[in-house]
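Student: Go ahead and model the full structure; you've got the sequences and the hints to work with.
For reference, the chains in residue letters:
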Amino acid sequence: MSSIPTAPGKVGFPQAYGPSQTYQHVQQFNQFAHQNVAIPNNGSSTHTANPFPFPSATTSQQPVKSSLSSQVPNGGNNHQYNQSAPNYGAASGPFAPTTVLPQQPIPSFPTAPHPTLNGYPVPNSTIPATTATTPFSVQQLTSVPNSSQPLIPSALSSARPAPFPTSQPSSASIPTSSYQQQMTPRSQGSTGYPPAPPVLQTGFPAPQQTVYSSSQQFTSSNTSQPQIQNMNQQFDRMNMGGAPGAQQQVSGFRSDIIDLIAERNVQQLGFDDIPVQIPQQVAEPNAHIDPNIFRSTLVQVPQTEELLKKSRLPFAITLHPFRDVKNLNIIQCSNIVRCRYCRTYINPYVYLPDHRHWKCNLCNRNNDLPDDFCWDPVAKAFGDPRNRPETQNATVEFIAPSEYMLRPPQPAVYVFVLDISASAIQSGYLYTLSEQLLINVDQMPGDDRAQICFIAVDQCLHFFSFSSSKRYPSEMIVDDIDYAFVPSVTSLLVPLKKFKDTIRSFIKQLPDFYSQISPTSNGNCLGSALKLAQGMIQEIGGRVSIFQVSLPNVGLGALKSREESTDGGQNLGPATDFYKALSLECTGAQICLDLFMFNTQYADLATLSEVAKFSTGCVYHFPNYNYRNDIHQVKRFERTLTRYLTRKLGFEAVLRIRTSRGLALTGFYGNFFVRSPDLLALANVNPDSALAAQVTIEEKLPQYVCFQSALLYTSSKGDRRIRVHTMCLPTTGDLLQLYNNFDLKATVSYLAKIGVERSMTGSALADSREALVNAVVDSVGAYQKAVSRGSGMLVPRSGHLRLFPSYVLALLKHSAFSSGRGIRLDERAGAMLMMRSSPLDQILADIYPRLYRLNELATMPEDQSPSPLPLSFEHISRGGVYLMITGTIAFVYVASSADPGFLVNVFGTSIYNDIDEYSLLERDNDLSRRVHSFFKKVTQFRFYLGPIITIKEHSPLRDVFVRRLVDDRSESTHSYVEFLQHLKREISGN
Amino acid sequence: MAFTFAAMCYLLALIAVGFCIFFAIYTVICVDELRTDYKNPIEQCRNLNQLILPEYIIHGTFTVLFIFSWQLISILANLPLAFYHIYTYINRPVMSGPGIYDPTTILNRSTLSSTLRISWTKLAFYLISFFYYLYAMIYTLVTSN
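Chains C and X, in that order, are what the protein sequence lines are.
Positions in the first sequence are counted from 1; adding 1164 to them yields my numbering.
Positions in the second sequence are counted from 1; adding 255 to them yields my numbering.
The set of hints was computed from the structure by calculation and includes no laboratory data.
Remember, it's a predicted structure, so these values are computed and weren't measured experimentally.
We put the CB at the ideal spot given by N, CA and C, even for glycine.
Just a sample of chain C residues kept apart from chain X, beta carbon distances all over 12 Å, derived:
1) K1474
2) V1642
3) F1649
4) I1681
5) L1809
6) S2036
7) S2060
8) S2061
Pulled a few chain X residues facing chain C out of the computed Cβ check, cut under 7 Å:
9) Y293
10) S351
11) L362
12) N363
13) R364
Tutor: Dropping the structure here:
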């Protein structure tokens, strides 16, 4: 329990992992250790306490889960299971003893085994001599809200199918503690049961509860269990029906067709997710993956490649592997059950013929279930493997044992590379940065070992040497940038905890220190700085945050302005491979490079962004940033930076995506480095980046197919974890079913990413635009052929094909793909980079913003909220107030003759001219409160959204608002109706 | 029977094409390793890229020799490949060192399979030309007097 080794700034591994070191989470687990000592033979899995009870919202969903671990920074809760091998006494159990009691002090990291019950090193000194009290259970009892208690008995009575012969290792249990006594009623299922949570908070959650929670997570509407069952029944019948026509009738899909040209408002039919129908024979057919995490463009997969070709629909998956999840199941067990042949993790979609075997759903081969997998630690009996969290949830997280580590988990390392050239000083971004960094520096993920370093860049390199004797760091300037070197080995990269005060005062001073233009501020040598930063943290890995305002024009990787020169295309590709090579080296060293760009002049974002592309970084673009003039931009930067600094972070990650036999992933789109055909190397993984992958069908597919992504990463607390997502999709042989199950959200995300990838690697922008149009023409055209009926633009009512033209038109008008010359190169590159790494909700919001009429709030009942309108000026009346949410900006548009009563309530004045940017405050009346709670609702979890901007009919920003009404025509672009006509011509021409 | 310039060209080409065969085999093995094993694409591409320029230079040299000695069949066989080499090198991805393989794109399924196909084709071409040059060398030696 000593503190971290604090030899100042000594970089490198051996030092960072002193043998006496403890991690925060180990301390949390000490409670756990007490328990095991108290009940030496109480079976395998003990349950940890939750020292911080969760809010009732989550507990009511899953009242049966226990939770430990820290809160996810943005509010997601981790539910932690601790399941170790059954700890049989040597003589008592049928199996060989698998674990030893902790007898040794904490081992030094890589070599020593983990001598504990839980795989957690437990220092000897922390085990108290007497542990008769088990404080956790008492705490837990009080922490659970009353509302969840009635649920428990039902879960108990119905949740356990096929009770096992209670083959308790009889001599094993020595009921010594209150914990044990609470156990007994559980196995008898008797009444008089004390408030149940500690009992059920085990490796075995009651299935029914999980069913509810997962279905609620999945469908945004109020789907309840009966509905899901109904659906599943339908699906069964569907499978029995032979002919495709019969299938369609029985399945109850509304097969009616609509004509896009006749139907004006396709938006009103909704854009809900299509439910996935999972066959009943899998272990847990009610487990669904959150579609925001894992999604396929085809919710029913075609069985053959010919069928896919015939449908001409794109087939791809989108994956958001590290998305913040509520109710995440964290499992700690001695051995993680995986397929012996293809290494798939056990998941809800495996086939369980009996309690000893499982059939892998990816390679279809049989595996043995390890004995301890069925062991229910609470009932002290072998339970149903279906009740394990692994087979209950499509998303689980394992705490990986040491064989998943190539090296000891790295500490969090942060390097800030700050531009202090003349234009940077003019933009004044340092003020905002310093302000936000001061607020958030303590919230940055990382344990005691976290290290930090600052480098300022102009024509020279400025390093900051921290020492414990001085209040402020001393600045070291290196001016030989072509042969730059690190001026000090020990004092630049320093432990954050130890130098907290010095670092704080340094951050505070920073903007004032660099507020004057000096003789060296004419240039910027970013390349040299990055090279040195890479060298400094080469041995550890970590994150380098680059704040850049000007074009790097001196030193290594110097660039020239090429905004005007248009020879050879649109200059969206890189100008030099220096940044790519650097980025590849960084990936190898587990260093991630993130880029914040604030340029007013051209700064070749297309080339600089290469640093982020291959090192899993993100790029945030704030064009024309100015601290004094542009308050919206500043606010947006504040929000972005806060999120950036405090979000969860996984280090040295690899992501493997496995697919069922017969499927193959052929191309990946996003920010990462493809390490081998199914393995992506991610230097850092953050919860705000996503990827897309193209899928091809190689052989005939069985009744259902699965995709599994496994993300192995080091958490900021220094343990190795594996997050596994599994998606199961049924297949179909019917062409029309494909169109009915066409998912546009995944498609748009995929098409945007693939378009960006092509445009930024040298293809002409016009080709990407044409490819987008062709995607609609092909799929809608193929549908016309399939239904072979009449003229017009026919699309199925179900599925999302009806919205495809509208979204592609919006994509074509987005600044990433629009053909106009009015968009500056950096702005276009910034828009493209956003699409390349963003998850689909961000992309969708940015290309097709949501538009709401706020006046409706005044007349609506309390529990309803306005529905989104089509993005056309015809839906904007002169008397309305509208809210538009894009990916980065939110507008409130006030029309000139808006209802004065509404204006008084919301803006505090009825005079139109008096409304300004600052009028939209929360006021003390019902309507204003409703408006603001609606704002909160629609902007929740949108971390990259700026503040709400009020626009009036004559404000200069009105153009920006009008340009976002993508269904209308502009000088050089089609309106939606014209676009439909164009598509129709193309289709009939083919 | 005399050792003419043409015969010498064939002799040199014979040796040179031997090297090319070695390069082609090595490329096939490396690319296949990328596809099946878990070789690091960065290192693999570095290895492969080292061989690109030597191969192109060797091939270009004996093509030029054939032009000087005016061996029509050999010229016709080799010119397309020489032009293909020039074309690929001009259109190579942006990179500072020599070479044509980009570690960031080589693992795309389509790039990988096309690279593999090209290297197999080249291997076949070099093997056939090896035996043809052997035959042609002996033929020139025998027929010329």
